[in-house]
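J.: Letter by letter, the chains look like this.
There are 2 protein chains.
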Amino acid sequence: MNDWLDEVKWNEAGLVPVIAQEEGSGRVLMLAWMNREALRLTAKEKVAVYWSRSRRKLWRKGETSGNRQRVREIRLDCDGDTVLLTVRQEGGVACHTGRHHCFYRRLGASGWQSVEPVIKDPEVMYGR
Amino acid sequence: MNDWLDEVKWNEAGLVPVIAQEEGSGRVLMLAWMNREALRLTAKEKVAVYWSRSRRKLWRKGETSGNRQRVREIRLDCDGDTVLLTVRQEGGVACHTGRHHCFYRRLGASGWQSVEPVIKDPEVMYGR
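Heads up: the protein sequence lines correspond to chains A and B, in order.
Each residue of the first sequence is one higher than the one before, starting from 1106 at the first, in our numbering.
Each residue of the second sequence is one higher than the one before, starting from 1106 at the first, in our numbering.
Accuracy of the hints is not assured; some may be wrong.
Which copy is meant is left open, because identical chains are indistinguishable; a pair holds if it fits in one copy or across any two.
Distance condition first, Cα-Cα at most 35 Å in a straight line; then the derived DSBU-like pairs of lysine-lysine [stated by the list, open to error]:
(1) 1149 x 1114
(2) 1114 x 1151
(3) 1151 x 1225
It is worth saying that the hints were derived from the structure and are not from the lab.
Let's have the full structure, built from the sequences with the hints guiding it.
T.: Okay, here's the thing in C-alpha cells:
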C-alpha cells in the first residue's frame, strides 16, 4: 500500500522539494528533489534517493562519494508539497564541494561569503 | 548594490525555494518561495517576505497573523538555487494551521500521522 504517496502534492514536473536535516546537530544539509519513485524507495530502503533534475534519473545519494544519508524520519508539511528528512550523514559530508553541508555561503555587507571549510577534497571524493 | 541577487539561480518562474529554520531550536519551520524583490526586501528589512504562488503577490509573513519572522542570517547553497534563513519566529507559530512549524506529519506504518499540537486557534489567529 502506497496510498501515502498520493497525499504528496507533486509539482507540474512530478517532483517535490526535499530538505535533508542532520539528526543531532539539526544542521540543514541540503535541498534536493524527489519524484514518486524516489520517495517510495527512500521510505523502503531508509536511505535517501533523490531525482537528479540535471541528469534526469534517480540519484542514490552517496553512490559515488560514499556519503550516504541514512533516513531516520520522513515528514510532510501542511500543504503536502515539501518533505523533510531527518538523516544521519555518512562521511560527515553532504555537499559535492566537500563541505559538511551545502549552505556555506552567508550574506554579508559585501555579498555572499564562504564561511564553511572544505573537509574532503572533491577530487578524492569522486575519484577523479 | 544588489549584485548578490544576480548570484541566485532563479527558476523558470523567477523564484527560489527558501527554508526557514528557527534560531536556537534548529527546527525547520517551513519552506516557501521568494522572487528577486522578496529576497531584496527580506535582506533590507530583516523580516521574511515571501512570494505567494497562489495569490501571485508579495507576502509579508505575519502581516495577518502577527507571526513575523525576524531574519538573523541568510545563506545560499552550493548551486545557488536554494536559500536558507535563520529566523526568530514571533508568536512561536510558523504554520497557518496554528502549529509551531509546518512539518507536523510524520510517516509511520499506517501513512502520515499528525504528531504536533495546535498551539493557536487559526480562526483567532486570522480573525475569522
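J.: Now tell me, hint by hint, if it's right for this structure.
T.: Taking the hints in turn, this is what the structure says about them:
In the homo-oligomer, the alpha carbons of residue 1149 and residue 1114 lie at most 35 Å apart both inside one protomer (20 Å) and across protomers (33 Å), since each shortest distance falls under that limit. In this homomeric assembly, residue 1114 and residue 1151 come within 35 Å of each other (Cα to Cα) both inside a single copy, at 21 Å, and across copies, at 31 Å. Taking the shortest Cα distances, residue 1151 and residue 1225 sit within 35 Å of each other both inside one copy (25 Å) and across copies (34 Å).
Every hint, counting from the list given before, is met by this structure.
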